[in-house]
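Visitor: Spelled out from the first residue to the last, the chains are:
There are 2 protein chains.
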Amino acid sequence: MNSRPAAASLDQWILQQIYQATGRPPIRLRTASGAEVAPANSPPLGEIRISDRVTLGRLILDPEIAFGDAYSSGRLEVQGDLVSMLEALAMVMPPVEQQNTWARFVSRWMSWAQADTLTGARRNIHQHYDLGNDFYRLWLDPQMIYSCAYFPSPDATLEAAQEAKMEHICRKLRLRPGERVADIGSGWGTLALHMAARHGVHVSGFNISREQIAAARQRADKMGLSGRVEFIEADYRDIRGQFDAFVSVGMLEHVGRPYLKDMGRAIHRMLDTSGRGLLHFIGRNHREPMSPWIRKRIFPGTYLPTVREVLESLEPGDFSVLDVENLRPHYARTLEHWLERFEESAGVVAGQFGPEFVRTWRLYLASAIAGFRTGRLQLFQVLFARGGWHDYPWTRAHLYEAGVHEEGRPSKPQPH
Amino acid sequence: MNSRPAAASLDQWILQQIYQATGRPPIRLRTASGAEVAPANSPPLGEIRISDRVTLGRLILDPEIAFGDAYSSGRLEVQGDLVSMLEALAMVMPPVEQQNTWARFVSRWMSWAQADTLTGARRNIHQHYDLGNDFYRLWLDPQMIYSCAYFPSPDATLEAAQEAKMEHICRKLRLRPGERVADIGSGWGTLALHMAARHGVHVSGFNISREQIAAARQRADKMGLSGRVEFIEADYRDIRGQFDAFVSVGMLEHVGRPYLKDMGRAIHRMLDTSGRGLLHFIGRNHREPMSPWIRKRIFPGTYLPTVREVLESLEPGDFSVLDVENLRPHYARTLEHWLERFEESAGVVAGQFGPEFVRTWRLYLASAIAGFRTGRLQLFQVLFARGGWHDYPWTRAHLYEAGVHEEGRPSKPQPH
Chain A
87 MNSRPAAASL
97 DQWILQQIYQ
107 ATGRPPIRLR
117 TASGAEVAPA
127 NSPPLGEIRI
137 SDRVTLGRLI
147 LDPEIAFGDA
157 YSSGRLEVQG
167 DLVSMLEALA
177 MVMPPVEQQN
187 TWARFVSRWM
197 SWAQADTLTG
207 ARRNIHQHYD
217 LGNDFYRLWL
227 DPQMIYSCAY
237 FPSPDATLEA
247 AQEAKMEHIC
257 RKLRLRPGER
267 VADIGSGWGT
277 LALHMAARHG
287 VHVSGFNISR
297 EQIAAARQRA
307 DKMGLSGRVE
317 FIEADYRDIR
327 GQFDAFVSVG
337 MLEHVGRPYL
347 KDMGRAIHRM
357 LDTSGRGLLH
367 FIGRNHREPM
377 SPWIRKRIFP
387 GTYLPTVREV
397 LESLEPGDFS
407 VLDVENLRPH
417 YARTLEHWLE
427 RFEESAGVVA
437 GQFGPEFVRT
447 WRLYLASAIA
457 GFRTGRLQLF
467 QVLFARGGWH
477 DYPWTRAHLY
487 EAGVHEEGRP
497 SKPQPH
Chain B
87 MNSRPAAASL
97 DQWILQQIYQ
107 ATGRPPIRLR
117 TASGAEVAPA
127 NSPPLGEIRI
137 SDRVTLGRLI
147 LDPEIAFGDA
157 YSSGRLEVQG
167 DLVSMLEALA
177 MVMPPVEQQN
187 TWARFVSRWM
197 SWAQADTLTG
207 ARRNIHQHYD
217 LGNDFYRLWL
227 DPQMIYSCAY
237 FPSPDATLEA
247 AQEAKMEHIC
257 RKLRLRPGER
267 VADIGSGWGT
277 LALHMAARHG
287 VHVSGFNISR
297 EQIAAARQRA
307 DKMGLSGRVE
317 FIEADYRDIR
327 GQFDAFVSVG
337 MLEHVGRPYL
347 KDMGRAIHRM
357 LDTSGRGLLH
367 FIGRNHREPM
377 SPWIRKRIFP
387 GTYLPTVREV
397 LESLEPGDFS
407 VLDVENLRPH
417 YARTLEHWLE
427 RFEESAGVVA
437 GQFGPEFVRT
447 WRLYLASAIA
457 GFRTGRLQLF
467 QVLFARGGWH
477 DYPWTRAHLY
487 EAGVHEEGRP
497 SKPQPH
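Line order of the protein sequences matches chains A and B. The first sequence begins at 87 in my numbering and counts up one residue at a time. The second sequence begins at 87 in my numbering and counts up one residue at a time.
The hints are simulated quantities; they were obtained by calculation from the structure and are not laboratory data. The reader is advised that the hints may include incorrect statements.
Since the list gives no way to pick out one identical chain from another, each pair is judged satisfied if it fits inside one copy or across any two copies.
List of simulated lysine to any residue pairs, SDA-like, C-alpha gap at most 20 Å [what the hints assert, rightly or not]:
| # | residue 1 | residue 2 |
| --- | --- | --- |
| 1 | Lys382 | Pro402 |
| 2 | Lys308 | Ser137 |
| 3 | Lys347 | Thr203 |
| 4 | Lys382 | Phe191 |
| 5 | Lys308 | Lys347 |
| 6 | Lys308 | Glu374 |
| 7 | Lys382 | Ser197 |
| 8 | Lys308 | Ser290 |
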């Protein structure tokens, strides 16, 4: 008769510890055994229900990984708006480097185990990007662009915003017909094909995701662009050849902190004396490891650099920084679109990959929205150039001229 | 009879050494004794005439300082377009850290002797900015803005471009009536007065140049803005109080490398949780000391930071980088205007300060033009904010809307 209250009061104690360790979020925590902790001064945003003591113990030991895994397995349920609750958590929860010894150890061990060496990077990229093109087709835009869009206004469609993002990048780089462009981490090839079709450049797209390369080559064939766009399975460290322009969208995150200088060296080698380049990446305000759960389940080997670290890697190449733009709210908006589409296809995804996979991906997309909304995540575009590039315009007004490119072509997407 | 040819051939040998050490510029070097070195494969851009052996010896020992001092004293004359020849030199001449031991030693000794401590900074600033407001009035625009202008088009007047620069900064900061702004290094007060008059903010201008402060206060009185603009004689390290926005134009160059982190800390203290700031400064692509002659004769204690170093100093404040813009060609254009006006007043300046002073300042302005044209110098505007600032617009298009501010006011200067 006495054991149940004792169990409940142990759970209550553990719950209190968890509540403290996560920074006292405005959320009610509850266990199946009846323990409960709630914010003292305000109504909670929602409720987190934890089904069992093992999960409770794991939450104490390594809050981020345990939360993610328990959410995925269903041993932890969230009642209320998931994104808002994750936002609240993002605002109060200490970063992993300020968590307990075990959590810090796991985070560091993962950095080592998932290191983005030549073989490690292939394994890491394969795990995420080779889930099958059909899966991504369910919730990305039809052109399959898996990076932050650029919304000329917040109510633009995702399709228009992805098109606008590509044009924004092309305008920044001021591509000229006949130029050679290296696109590192070329995904399903959309940007490479866009640049070739709309700006008349020759593009070499580099990627280490086999599934993406195959799909991109098919698209180039179908669009009759195989002569001007090639997709090459190669690590950035192995690229030889020189280019007029370098572009990399959503790939720097996968380079890993110890290898940023290698990336800088690769860019240095690739660009000739009148070259310029653009890096588009998720970054941070200060040095901090990526969420351990995201690294464990979603993006192994990921490190989100600061602008400072990126400039440090570029410095030996004597590049001039020309333009840095922060598009943080645009990624929150992009992810809102993706999550909405993902939820619409949740049944299909569950049928293919199971309900646990659906919950894992829901949590990933929702926590990314929360990260961008709260500023734990930032989205940077960094434009840089060699001293010999003289085509940089007098002001940036040309980026904002509506309707026409500088070349006088319409900016509305051409069918291709 | 033999001594003259021997003397000439020694000069010839020294001249050869100088030609090598300066990177074989496309310039003819000639001595009064008849020695001559000229580029082998192309007609020279112009000629440098050196009057005596002592100057020759100094040029070997410390090329930059000797060149500047000999040009000032008239022991070295330049035939041809001074700016073009300095451009050519800037492109081939090794930086001081790759020059001989003596030149490196002098450069480092100066860094130490001119350190921007609390008292050192006052001495350094006094030496340049307290030359007398009348002197600067001769060749700056009537509003006395001594920093890079922003030319909406290259043929804009200097006056319009300085006005446009102030508005460009105000738009980036999105000033709202009633907000408190700290302007660090407020010069003759023009930006502070502009912000108060045109954007209705309260400005505290901080400066350690006594002459500038006095002139700025007079202007505030005259414009009836003393109630909303105060000019305070204080070092950035001593500023207390919190502000909504921070701005510093052309002051970071005087902070000195060892003190950049102090500047970062000062900004951190000054800005509250919804604060934002803008740094406008001459910078570099990579870490490198400022020209020793410029530090000796023009700007003691100056260090031109890289964007990376600036971001490093801001990082502990957990600021988000929002926008970095490179306005390098705009400073070349600004300096062309200044040099032209300076030459028009050269007679007046010579009457007041002597012909040597005129040559010194001509060389300073001309070598700055060369530095910006060749990319040895860069001009950066860095916009950053606390996470709690939510007024950052969806895109940067608002910076380029012609004719109207977002508030619907005309962007043409109002008389004040």
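Visitor: Treating 20 Å as the Cα threshold, decide for Lys308 and Lys347: within, between, both or neither.
Guide: Neither way: Lys308 and Lys347 sit 37 Å apart in one copy and 55 Å across, limit 20 Å.
Visitor: 20 Å Cα cut-off: does Lys382 pair with Ser197 within a copy, between copies, both or neither?
Guide: within (10 Å within a copy, 49 Å between copies)
Visitor: Between the shortest in-copy and the shortest cross-copy C-alpha distance, which are at most 20 Å for Lys308 and Glu374: within, between, both, or neither?
Guide: The answer is neither: 43 Å in one copy and 51 Å across copies each exceed 20 Å.
Visitor: How do Lys347 and Thr203 come out at 20 Å by Cα distance, when the copy is not named: within, between, both, or neither?
Guide: This pair counts as within: shortest intra-copy Cα distance 13 Å, inter-copy 34 Å.
Visitor: My question is about Lys382 and Phe191: at a cut-off of 20 Å on alpha-carbon distance, are they close within one copy, between copies, both, or neither?
Guide: within (14 Å within a copy, 52 Å between copies)
Visitor: Give the relationship of Lys308 and Ser137 under a CA distance limit of 20 Å: within one copy only, between copies only, both, or neither.
Guide: Classified as neither: same-chain Cα gap 52 Å, cross-chain 73 Å, threshold 20 Å.
Visitor: At most 20 Å between C-alpha atoms: does Lys382 with Pro402 qualify within a copy, between copies, both, or neither?
Guide: This pair counts as neither: shortest intra-copy Cα distance 33 Å, inter-copy 28 Å.
Visitor: Checking Lys308 and Ser290: alpha-carbon separation at most 20 Å within a copy, between copies, both or neither?
Guide: Cα proximity of Lys308 and Ser290: one copy only (17 Å, versus 63 Å across).
Checked against the numbered hints given earlier, the structure breaks hints 1, 2, 5 and 6 and satisfies all the rest.
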